[in-house]
Structure formats: C-alpha cells, structure tokens
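Line by line, the protein sequences give chains A and B.
Residues are numbered in my numbering as their position in the first sequence, beginning at 1, plus a constant of 1.
Residues are numbered in my numbering as their position in the second sequence, beginning at 1, plus a constant of 1.
Be a bit skeptical, because a hint or two may be false.
If chains are identical, the list can't say which one is meant, so a pair holds when it fits in one copy or spans any two.
In silico lysine to any residue, SDA-like type, Cα no more than 25 Å apart, as pairs [what the hints assert, rightly or not]:
#, residue 1, residue 2
1, Lys6, Pro130
2, Lys433, Thr11
3, Lys570, Met2
4, Lys485, Tyr126
5, Lys257, Arg407
6, Lys503, Val346
7, Lys436, Asp513
8, Lys355, Asn567
9, Lys6, Ile380
10, Lys6, Arg173
Hint data in this document are derived by calculation from the structure and do not stem from the laboratory.
Number of protein chains: 2
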Amino acid sequence: MRYSKLFLPTLKEVPSEAEIISHKLMLRAGMIRRLASGLYSYLPLGLKALRKVETIVREEMFRAGAQEVLLPMVQPRELWEESGRWQKYGKELLRFKDRHEHDFCLGPTHEEVITDLVRREVRSYRDLPLNLFQIQTKFRDEIRPRFGLMRGREFVMKDAYSFDVDEEALDRQYWNMFEAYCRIFERCGLDFKAVKADTGAIGGHESHEFMVIADTGEDEIASCTVCKWAANIELAEVKSGSDSGDEGEAFDEIKKVNTPGVKQVEDVSEFLKVPLHKIVKSLVLETDKKDVVVAMVRGDHELNEVKMKKVLGCDELTLAKEATVERVTGAPIGFAGPVGLREKVILIADNSIKSLRNFVVGANEKDAHLLNVNWDRDIKDVSFSDIRNITEADPCPECGSTIEIRRGIEVGHVFKLGTKYSEAMGATFLDKDGKERPIVMGCYGIGVSRTVQAAIEQNHDELGIVFPEPIAPFDLIVTVVNVKDEELRASGENIYKAALSKGIDCLFDDRDMRPGVKFKDAELIGIPVRITVGKRLKEDGSVEVFHRKTRQVELIPMEKLEDVLNSLKYSS
Amino acid sequence: MRYSKLFLPTLKEVPSEAEIISHKLMLRAGMIRRLASGLYSYLPLGLKALRKVETIVREEMFRAGAQEVLLPMVQPRELWEESGRWQKYGKELLRFKDRHEHDFCLGPTHEEVITDLVRREVRSYRDLPLNLFQIQTKFRDEIRPRFGLMRGREFVMKDAYSFDVDEEALDRQYWNMFEAYCRIFERCGLDFKAVKADTGAIGGHESHEFMVIADTGEDEIASCTVCKWAANIELAEVKSGSDSGDEGEAFDEIKKVNTPGVKQVEDVSEFLKVPLHKIVKSLVLETDKKDVVVAMVRGDHELNEVKMKKVLGCDELTLAKEATVERVTGAPIGFAGPVGLREKVILIADNSIKSLRNFVVGANEKDAHLLNVNWDRDIKDVSFSDIRNITEADPCPECGSTIEIRRGIEVGHVFKLGTKYSEAMGATFLDKDGKERPIVMGCYGIGVSRTVQAAIEQNHDELGIVFPEPIAPFDLIVTVVNVKDEELRASGENIYKAALSKGIDCLFDDRDMRPGVKFKDAELIGIPVRITVGKRLKEDGSVEVFHRKTRQVELIPMEKLEDVLNSLKYSS
Numbered sequence: 002m003r004y005s006k007l008f009l010p011t012l013k014e015v016p017s018e019a020e021i022i023s024h025k026l027m028l029r030a031g032m033i034r035r036l037a038s039g040l041y042s043y044l045p046l047g048l049k050a051l052r053k054v055e056t057i058v059r060e061e062m063f064r065a066g067a068q069e070v071l072l073p074m075v076q077p078r079e080l081w082e083e084s085g086r087w088q089k090y091g092k093e094l095l096r097f098k099d100r101h102e103h104d105f106c107l108g109p110t111h112e113e114v115i116t117d118l119v120r121r122e123v124r125s126y127r128d129l130p131l132n133l134f135q136i137q138t139k140f141r142d143e144i145r146p147r148f149g150l151m152r153g154r155e156f157v158m159k160d161a162y163s164f165d166v167d168e169e170a171l172d173r174q175y176w177n178m179f180e181a182y183c184r185i186f187e188r189c190g191l192d193f194k195a196v197k198a199d200t201g202a203i204g205g206h207e208s209h210e211f212m213v214i215a216d217t218g219e220d221e222i223a224s225c226t227v228c229k230w231a232a233n234i235e236l237a238e239v240k241s242g243s244d245s246g247d248e249g250e251a252f253d254e255i256k257k258v259n260t261p262g263v264k265q266v267e268d269v270s271e272f273l274k275v276p277l278h279k280i281v282k283s284l285v286l287e288t289d290k291k292d293v294v295v296a297m298v299r300g301d302h303e304l305n306e307v308k309m310k311k312v313l314g315c316d317e318l319t320l321a322k323e324a325t326v327e328r329v330t331g332a333p334i335g336f337a338g339p340v341g342l343r344e345k346v347i348l349i350a351d352n353s354i355k356s357l358r359n360f361v362v363g364a365n366e367k368d369a370h371l372l373n374v375n376w377d378r379d380i381k382d383v384s385f386s387d388i389r390n391i392t393e394a395d396p397c398p399e400c401g402s403t404i405e406i407r408r409g410i411e412v413g414h415v416f417k418l419g420t421k422y423s424e425a426m427g428a429t430f431l432d433k434d435g436k437e438r439p440i441v442m443g444c445y446g447i448g449v450s451r452t453v454q455a456a457i458e459q460n461h462d463e464l465g466i467v468f469p470e471p472i473a474p475f476d477l478i479v480t481v482v483n484v485k486d487e488e489l490r491a492s493g494e495n496i497y498k499a500a501l502s503k504g505i506d507c508l509f510d511d512r513d514m515r516p517g518v519k520f521k522d523a524e525l526i527g528i529p530v531r532i533t534v535g536k537r538l539k540e541d542g543s544v545e546v547f548h549r550k551t552r553q554v555e556l557i558p559m560e561k562l563e564d565v566l567n568s569l570k571y572s573s
Numbered sequence: 002m003r004y005s006k007l008f009l010p011t012l013k014e015v016p017s018e019a020e021i022i023s024h025k026l027m028l029r030a031g032m033i034r035r036l037a038s039g040l041y042s043y044l045p046l047g048l049k050a051l052r053k054v055e056t057i058v059r060e061e062m063f064r065a066g067a068q069e070v071l072l073p074m075v076q077p078r079e080l081w082e083e084s085g086r087w088q089k090y091g092k093e094l095l096r097f098k099d100r101h102e103h104d105f106c107l108g109p110t111h112e113e114v115i116t117d118l119v120r121r122e123v124r125s126y127r128d129l130p131l132n133l134f135q136i137q138t139k140f141r142d143e144i145r146p147r148f149g150l151m152r153g154r155e156f157v158m159k160d161a162y163s164f165d166v167d168e169e170a171l172d173r174q175y176w177n178m179f180e181a182y183c184r185i186f187e188r189c190g191l192d193f194k195a196v197k198a199d200t201g202a203i204g205g206h207e208s209h210e211f212m213v214i215a216d217t218g219e220d221e222i223a224s225c226t227v228c229k230w231a232a233n234i235e236l237a238e239v240k241s242g243s244d245s246g247d248e249g250e251a252f253d254e255i256k257k258v259n260t261p262g263v264k265q266v267e268d269v270s271e272f273l274k275v276p277l278h279k280i281v282k283s284l285v286l287e288t289d290k291k292d293v294v295v296a297m298v299r300g301d302h303e304l305n306e307v308k309m310k311k312v313l314g315c316d317e318l319t320l321a322k323e324a325t326v327e328r329v330t331g332a333p334i335g336f337a338g339p340v341g342l343r344e345k346v347i348l349i350a351d352n353s354i355k356s357l358r359n360f361v362v363g364a365n366e367k368d369a370h371l372l373n374v375n376w377d378r379d380i381k382d383v384s385f386s387d388i389r390n391i392t393e394a395d396p397c398p399e400c401g402s403t404i405e406i407r408r409g410i411e412v413g414h415v416f417k418l419g420t421k422y423s424e425a426m427g428a429t430f431l432d433k434d435g436k437e438r439p440i441v442m443g444c445y446g447i448g449v450s451r452t453v454q455a456a457i458e459q460n461h462d463e464l465g466i467v468f469p470e471p472i473a474p475f476d477l478i479v480t481v482v483n484v485k486d487e488e489l490r491a492s493g494e495n496i497y498k499a500a501l502s503k504g505i506d507c508l509f510d511d512r513d514m515r516p517g518v519k520f521k522d523a524e525l526i527g528i529p530v531r532i533t534v535g536k537r538l539k540e541d542g543s544v545e546v547f548h549r550k551t552r553q554v555e556l557i558p559m560e561k562l563e564d565v566l567n568s569l570k571y572s573s
C-alpha cells in the first residue's frame with residue numbers, strides 16, 4: 002500500500018473524547034473514528050489490525066475442530082422468551098419492533114439462536130459433538146459506553162457454542178477451547194492470563210476469563226506466585242483463617258462515642274486511634290427481591306458483590322437508597338451499624354471478622370460510632386461467609402503461597418453452560434439407549450475488537466503504538482526520506498516491491514513531506530520495522546532498519562537487505 | 002473437511018416455506034436455515050460459498066484501488082435528518098430508540114455515515130480521489146420478505162463510496178468500478194448483463210445494474226441483439242414512431258356499448274372484436290402529492306411506473322383506492338376511461354396512442370365501454386409521454402435493431418450520486434484555487450448473499466445445485482463407496498490429503514452410509530467434481546472422476562490422479 006493513497010488521517014492533538022491511552026492512540030493513529038456514543042467506524046488501518054486478529058482466531062478455531070456459521074444479528078423475542086432472558090436481560094438488550102409491530106432485539110450474544118438452530122437439526126448422539134462459531138458484530142446498549150472499543154455498544158465478537166452428550170464430553174470441549182484460546186492470545190503476541198471467573202448472568206457452572214495484563218484494566222485478577230492458580234477477584238476464594246489475634250480478649254463495655262463529620266473508615270481509624278482491621282464497615286444493600294441486607298467487612302477489606310449475590314441467591318444487588326438507609330438505621334448514610342437497627346434485616350459478615358473482639362461499628366446515629374462491640378452479646382442472627390475481595394495479604398487458596406494482584410482487560414471468556422439453555426428450549430438428543438436427553442452446552446467468546454485495543458493498551462510508548470508483530474496492520478514501512486530524489490525514490494520502490502513479492506504486508510511512505518513528519522507518523526501507527534532510504538544510500542549504499550519496539554537502528558547494505566526482508570514475514 | 006464431522010443437514014423433502022428453486026435448494030443443501038421472516042442463519046456450507054464470493058469481491062475492489070473500512074450498523078437519526086432521508090425513507094428503514102431514548106436506525110445503506118466520516122477528514126483536493134468500501138450485514142425491513150436470501154431483511158452487502166473533485170473524475174471512478182464489477186461477476190462464473198438503470202430513491206444521475214440472467218428474476222431487462230445497449234425495462238426508452246396505421250381514418254360517431262362482466266382488456270377485445278392495440282387501458286392513480294392521475298396505454302402495452310413518476314415528478318405513485326375511483330369515475334373499478342370524468346384529473350397518455358383513431362375506452366359506467374373515441378373531439382388536455390414498458394416489438398433506441406427481453410436478478414448496482422449527499426451534509430474540499438466545493442460522490446453496491454443465491458438460481462438441474470467452480474463451497478468431494486473396506490478408505494484418505502496439500506478445498510465423504518445416499522448428497526450440494534473410490538480400484542486400480550455439470554464420468558488410474566488434482570485448483 003502506498004501511504005500517499007491510504008486513508009490514514011493521523012492526528013497531532015489528543016482528542017478530548019478519549020480517556021485511556023489506547024483509545025487516544027487509536028484515534029490519533031487514524032484507526033477508528035467515533036460515529037456516536039459507543040459506535041465506531043474502522044478506518045483501513047484499524048480494520049487491518051482487526052482482520053489480523055480475526056484471522057488468528059479463525060485459524061485456531063478451525064484447528065480446534067470448530068465450524069464457522071453466521072447467525073442473524075436481529076433476533077425474535079419468542080426465542081428470548083423461551084430462555085427467560087427477554088425479561089431477565091437488562092437494558093443492554095436493545096429491544097424494538099419491526100414494521101409489523103413484532104418484537105425483536107439486536108443480538109448481544111447468540112445462545113438462543115444457536116440452540117434453536119441445533120435443536121432443529123440434531124437428533125441423535127451420532128450428530129454430536131458439535132462446535133459452531135461465528136465472527137460477528139454484536140450490540141449491547143451499555144448505559145455508559147467508554148474507552149473506545151473497550152466498552153463500545155457495537156463490537157466484533159467471536160462467539161462459539163459447543164454441544165455434547167454429557168458433562169465429560171463437555172469437559173473435553175471446554176479444555177480444548179481453553180487451549181485454543183491460549184494459542185490465540187499467544188499468537189497475537191499478548192501478555193495474558195487465564196483466570197477462574199464468575200459465570201454471571203449467562204448461567205453455567207465453570208468459567209475462565211482470558212485477561213490481557215494492563216495497569217488500566219477494568220478487572221482485578223489474583224494469581225499465585227508459585228502454583229498455577231489464578232482468578233478474577235470477583236470470584237477468588239479467600240481461605241485465610243479467621244484468626245484475628247483477638248481471641249483472648251475479654252468483652253469490654255459497649256460505648257457510644259462522638260465522631261463529628263467522620264465518615265470514611267480511614268478517618269474513623271485515625272480519629273479513634275483504632276487500627277483499620279478492628280473497624281467493621283456496614284453496608285446497607287437491597288436485592289431485586291426487595292430484601293434489605295447489612296453486609297459487614299473489616300475496614301481494610303472490600304465487599305465483593307459477586308460473592309454477596311451468591312450468598313443471597315439474588316440476581317441484582319445495589320446500595321440501598323437514602324430513604325431505605327434512613328428508615329432502617331434511623332440515621333443518614335455513613336453511620337450504619339449492626340446494633341440497634343429499626344427493622345429486621347439480613348445480617349451477613351465476612352469470615353475474617355468472626356473472631357474479632359471489641360470492634361468499632363457505626364452507631365446508626367449521625368456523627369456517632371460504637372466501641373467494644375462483640376458478637377452474640379451485641380449482635381445476633383448473623384451469618385458468616387466469604388464476602389470480601391481477596392488481598393495480597395491472603396494466601397493462595399490452592400497452595401497457601403503468596404499471591405499477587407494485577408489488573409487486566411477481559412478479552413476472552415469460556416463457559417460451561419451445561420443444560421441451562423437446552424432444557425429451557427427443548428434441545429435434546431436420543432442417546433445410545435434411545436433415551437431423550439438434553440444437550441450439554443458450552444460457550445466461548447472472544448472480544449475481537451477489544452483485543453486490538455487491549456493489545457495497544459499493553460504495548461505502546463510515549464511516541465505511539467508498539468504493535469505486537471502478528472497483529473500489526475503492516476509488517477514493514479519503507480520510508481523514503483526525500484521522494485523528490487529520483488534515486489532514493491526508485492530504491493524505496495524496489496524495496497517495497499521486493500517486500501510485497503515475499504508476502505510481507507508493506508506500507509510505502511511515498512509522501513512528499515518532511516522526514517520528521519513521516520518518522521513521527523510511522524512511530525505513532527506502530528509498524529514493527531521501518532526501513533529508511535536516505536542519504537546513507539548515496540554515501541555507502543546502506544539503508545537504516547529501525548525496530549519500533551527496541552528503537553534500535555541497524556545500517557544494512559542494500560545487497561544484504563534480502564536477509565532482513567526474509568526475516569520479516571510474520572503475516573503468513 | 003470430513004463429511005462425518007461437518008454440520009451439513011441435507012433435506013430430502015422440499016421445505017414448504019420456499020417458493021423458488023434456489024431457495025429450496027439452499028435449504029435442502031443445508032446452506033441456510035430460517036430464523037424468522039427474512040432472517041437466515043448461514044450454516045457452514047452456505048457460509049463457505051458466501052466467503053468465496055466475498056473474497057472475489059474484496060480482491061477486485063483492492064485491485065481497483067478501493068480501501069476497506071467497516072462502519073457501524075446502528076446509525077444516529079441526526080445524520081439521516083441532514084440528508085433528509087429520516088423522513089423520506091420508507092418503513093424499510095427500521096427506526097428505534099436506545100435506552101436513553103435517542104433515535105437510531107439499522108443501516109440499510111451507508112451514504113450518511115460515510116459522508117460524515119469523509120467530511121471530517123478530507124480538507125483538500127490533495128486528499129482526493131478516495132474510494133472506500135465495506136462488506137457488511139445490512140438490514141431493510143421489507144414489507145414482504147421472500148425467496149430466502151433474494152429478498153431477505155438482513156443481508157450481506159458490499160457497499161463502496163467514491164469521492165472526487167469533479168464530474169470528470171467521478172466518471173473515471175464510475176467506469177473503473179463498472180469494470181471491477183464485470184471482473185467480479187465473471188470471476189464468480191455467472192452469466193450476467195450490465196444494464197442502464199433507474200437511480201430511484203437513492204438519488205443521482207447515472208446508474209447501471211448488474212443482472213444475473215435467470216428466468217425467475219424479479220427484473221425484466223431489454224437488450225439489443227446487435228449493439229451493446231441494455232437497460233432495465235423500468236428505464237428503457239421507447240423510440241417507436243407513433244405511427245399506428247390509423248392516421249387516415251375518419252372520426253366515427255362515439256357509441257356506448259354494453260359489456261356485461263367484461264373487465265380484462267383481453268376479454269373486451271374478444272367481446273367487441275376489436276384488436277388489443279385499439280383498446281386504451283385507463284389506470285386511475287394517486288401520487289404522494291394527492292394528485293389523481295388517469296394514465297392511458299394501449300391494451301397490448303404495460304404502464305411503466307418509474308417513467309410515470311418521472312413525468313409527474315413525484316416520489317410515490319399507487320393505484321387509486323376504490324373510493325377514489327368511484328368518486329372520480331362514478332363507476333366501480335374496471336370501467337375507467339378518459340371521457341366524462343366527474344372531476345378534473347391529470348390525463349397522461351403514452352406516445353404510442355397519439356395517432357390512434359376510433360379507439361375503445363371504459364365508459365366510467367358499470368359494464369359499459371365507449372367505441373370510436375378520438376382525441377380532441379372527445380378528450381382534451383391530455384399530455385403524451387413515454388410511459389410504457391418497452392416490448393420486443395420495439396426497436397433498439399440506440400441502433401434501431403431488434404431487441405430481446407429477458408429476466409434477471411439484480412446483484413450489483415453502480416450510481417453516480419454527484420453532490421446530492423455532499424451538499425446536503427456539507428462535505429466539501431478546497432480546490433487548487435483555494436475555493437470550497439462539494440465533493441462529487443458515487444456509490445457502488447453488490448448483494449453478496451444475493452449473488453450466492455442468484456448463482457444457484459442460474460445453475461442447477463433436477464438433482465440439485467451445479468455450483469460455478471469459483472464459488473463452490475468445496476472444489477472437490479472424495480467419496481469412499483464403502484468406508485468399512487480398509488483399502489478403499491485408506492485410498493480415499495490419501496486422495497483427500499493429497500488434494501488438501503495442493504490447496505484444493507476438498508470434502509471427504511467418510512460417512513458410513515449407502516453409496517446412493519452419498520452420491521445424492523454430493524449432487525444436491527453441487528460440488529463441481531467428485532472422485533469416487535469404489536470397487537474399480539480393486540479391479541483395475543482406477544477411480545471415477547465425475548463432473549457435476551456435464552455429469553460425465555472418467556475412469557482414471559490412481560497413478561494418473563495427480564494430473565486431475567493439479568487441474569482442480571480453482572480456489573486460490
């Protein structure tokens with residue numbers, strides 16, 4: 002491709018709409034442009050990177066024995082009624098009526114459609130196993146789209162669905178997909194981690210997420226520094242003993258103290274001169290079943306919403322509204338505690354505070370806390386569970402070693418769905434004994450467009466993008482310093498053509514512009530290797546080979562350039 | 002691919018939902034399945050054919066200098082307001098609200114989005130020309146989706162948009178695209194014709210359609226048997242002289258005759274013993290501007306709606322409702338005529354009836370017609386225009402030779418848009434003199450999914466699909482007659498692997514089924530060549546090479562099979 006013809010509008014300034022670096026760089030590098038909130042157009046450079054990821058995904062899905070299909074993006078309400086998700090799925094499911102006033106939605110995922118397809122075609126165990134995938138545009142009406150492709154409304158996803166006779170066969174499919182995913186993200190050149198994950202609203206009973214490691218990631222992931230254990234902190238089990246060191250303490254007398262204007266737990270600790278871990282935070286919550294819950298965790302811990310939902314068996318859990326807090330505690334928000342509540346509520350405390358003695362809680366009264374609170378004597382009917390986030394102070398739940406917590410961007414997700422959808426929708430098969438049984442399903446997603454952006458979030462420097470070689474839109478850029486110099490231009494042209502003939506995806510910067518502008522653009526768009534044809538050619542017959550990642554420059558005599566080109570063929 | 006693993010559910014019975022042969026065959030061959038009205042899932046075989054067409058389209062678009070982008074399918078109302086199409090586009094434009102109650106639509110086409118993208122990036126004549134395309138799923142909420150992919154609601158389309166400094170540059174782009182389209186449909190192996198076409202609602206001032214010739218096509222196309230002229234009959238100009246042979250006749254006395262129950266023009270001709278061409282059909286029509294129009298054509302001609310709209314300068318034209326007909330004519334539908342109407346209406350007659358004398362018209366009275374009607378004496382204020390379809394009796398408007406009329410399926414369309422969208426949306430550039438001018442645009446569409454089905458509509462026989470080689474989902478099927486015979490199975494396996502190693506897209510029928518079933522499936526799905534490994538292998542060491550199109554069988558000794566395989570590599 003000749004740069005002079007390429008639709009590649011780079012930007013010097015950082016667009017105000019972008020918050021994170023990958024989003025800024027994709028805009029500046031002319032990869033994407035915003036159409037409306039959460040809706041992006043892919044320009045040629047962005048689409049080329051997207052296609053490289055797609056190609057790797059497709060090849061590995063085929064290698065794993067999956068077959069490609071393409072399902073409609075517009076889906077009828079009836080199928081979603083069958084699965085129960087027409088009601089249950091939130092507003093991310095964009096629902097609308099067609100011209101005949103029939104209800105449809107834009108597919109955010111395709112469990113219903115694929116289950117419907119398979120139930121019509123699969124009759125017998127002989128038709129199984131089956132693994133069908135598609136690479137397709139999905140739509141989720143996010144309440145607050147942001148970060149470009151990271152949390153867009155329209156996005157490109159690879160979704161696969163497996164169909165098996167039993168759990169054992171599903172298990173084989175699941176790990177087969179797991180391995181395919183590892184190959185995919187390795188081939189994309191990404192630093193990633195597969196972690197145990199929550200199965201969330203989609204249902205199912207085993208799940209792993211594939212996380213691209215990046216400081217700005219929305220997810221926190223815990224992993225063992227010794228064994229292979231790794232999990233999203235949403236899910237990571239805490240196996241710390243409940244030993245607080247307090248067990249020997251006698252119960253002191255409960256005492257109310259004034260804490261004027263002191264709400265934050267750190268401030269309470271400071272004000273009362275009590276260590277953080279002896280202050281118990283009480284959060285007033287409401288479930289979709291209208292239950293009011295007071296959840297208690299230590300001052301140095303964080304409540305884990307996913308764990309709480311599981312303990313409560315509810316689908317939705319939110320912080321209670323101000324009016325509810327005032328009704329239940331008799332005080333404004335910020336002073337809730339488990340002692341002296343005005344209504345019967347569900348009390349749940351984290352395991353780690355079970356052995357605490359003489360701890361501090363909110364007094365259910367403005368500007369007041371209670372000291373020396375103790376279980377049984379002061380608080381009854383509490384159940385203890387693992388309801389907090391794991392911390393680096395906790396041991397690995399598998400081997401007890403030290404863990405570390407990092408941030409990541411979720412780019413893939415594998416689920417064991419079991420028979421959730423097949424039972425709801427009557428997708429059955431006849432087993433070897435002629436008995437009708439529900440098909441056992443799995444589902445496997447990759448955010449293709451998100452992977453492109455996550456790669457940039459992980460791989461950039463102050464000059465711009467540093468594309469991992471396998472997903473770079475071009476393998477090589479050939480820059481002619483001065484295109485008006487016929488000799489330089491002709492040499493550049495020759496290198497460009499030689500590269501193309503070797504199957505190297507090459508961009509030829511033939512623009513009549515200052516070299517500085519051309520170098521800056523090349524660095525911004527992150528092409529792994531640049532060959533610069535400049536005055537050295539006339540001096541000693543050599544060209545510069547610049548490596549974007551290391552920023553090292555080699556001087557290569559023209560006659561040895563073929564070896565360099567031969568080493569560049571990533572794209573095939 | 003091994004057939005035993007392939008998700009390829011063929012059907013013996015013809016599904017009741019299908020009307021035309023290609024739709025039936027695509028369902029029977031397990032290429033597609035219906036999800037809801039106008040919404041289809043592509044199964045692996047269907048998707049493979051679709052991808053082959055996509056690949057040809059993409060290669061030729063690149064060769065023509067176009068660049069690939071990917072635009073959102075969900076589009077904001079604001080852009081469509083700018084172009085004026087939010088109001089003007091009919092119910093095919095599916096409009097809906099997102100969770101924040103903002104108006105959006107599902108993209109049926111992308112003029113607005115691409116014009117918006119380009120107006121933000123293009124500043125100067127130096128940024129032009131530009132030609133951007135995408136291959137993407139579109140949605141049009143057809144009132145009556147039918148014929149499978151032929152008139153679906155969701156479909157895969159290649160749409161391209163060009164941007165130029167002036168009409169001359171647009172003209173070069175236009176013919177460049179025209180030639181690319183010819184190469185695309187040639188490479189797909191299709192019998193097609195490029196014809197002049199109406200520009201319709203999309204606007205613009207020059208247009209050609211690419212038609213796949215097929216008896217069941219929805220369009221009629223006229224073409225000269227001598228010169229290169231070809232046009233959609235919607236548009237084909239009639240240049241017949243108005244000479245009817247009646248010019249010498251004297252005006253006879255007008256006479257009302259009883260024609261009880263005789264409505265159809267053929268019946269009137271028969272009943273009154275008057276030749277068809279001396280009966281004038283009068284159609285009562287209504288425009289979107291609420292005008293009532295009586296259009297007159299000869300009994301052996303057909304009214305052309307597109308021409309009528311142009312004559313009237315209206316966007317919509319429909320047959321008048323019963324109440325309107327009764328109000329205007331004083332009679333029920335079927336007896337309208339230009340003489341004695343009860344209201345002033347617009348009278349338009351086709352050029353061919355200008356010289357008629359003593360013709361027959363409806364009497365505006367139940368069961369009655371008028372004989373010996375004549376212009377001026379009986380009918381005043383008529384304007385004459387070309388408002389009928391061309392017939393094979395008319396001469397070529399270019400060279401006067403004989404024309405022929407065939408049916409076709411529209412698979413491609415090229416338009417000169419001019420400045421319609423760029424002016425409406427302010428997409429301008431600075432020319433060499435620093436003057437701001439609107440960008441001159443073209444647009445170019447190919448119905449990718451429709452092309453697959455049109456290919457089948459054109460290429461099939463009583464046994465099933467006969468795929469043109471370049472777009473067949475597989476190049477070759479290797480059928481082992483009896484897979485339980487180890488020698489046959491091993492030989493089949495060897496041929497399969499040899500074919501794959503040569504880059505031949507090969508399907509290996511390794512199913513443990515009766516040979517008859519396997520042959521029938523192979524014929525149904527239309528793979529161009531079948532190699533059958535059967536008992537001949539044991540007798541004389543040969544295999545059968547069966548050509549699907551000609552149904553010829555060659556016996557080839559195993560040692561010469563390599564030559565056959567070498568000749569089969571269509572797919573690269």
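A quick look at each hint next to the structure:
1. Lys6 - Pro130: between (48 Å within a copy, 9 Å between copies)
2. Lys433 - Thr11: between (62 Å within a copy, 23 Å between copies)
3. Lys570 - Met2: within (16 Å within a copy, 28 Å between copies)
4. Lys485 - Tyr126: Only across copies: Lys485 and Tyr126 sit 21 Å apart there, 70 Å inside one copy, limit 25 Å.
5. Lys257 - Arg407: Result: close neither inside a copy nor across copies, 40 Å intra and 95 Å inter.
6. Lys503 - Val346: neither (71 Å within a copy, 72 Å between copies)
7. Lys436 - Asp513: So Lys436 and Asp513 pass the 25 Å test across copies only (23 Å; inside, 74 Å).
8. Lys355 - Asn567: neither (65 Å within a copy, 76 Å between copies)
9. Lys6 - Ile380: neither (74 Å within a copy, 62 Å between copies)
10. Lys6 - Arg173: between (49 Å within a copy, 16 Å between copies)
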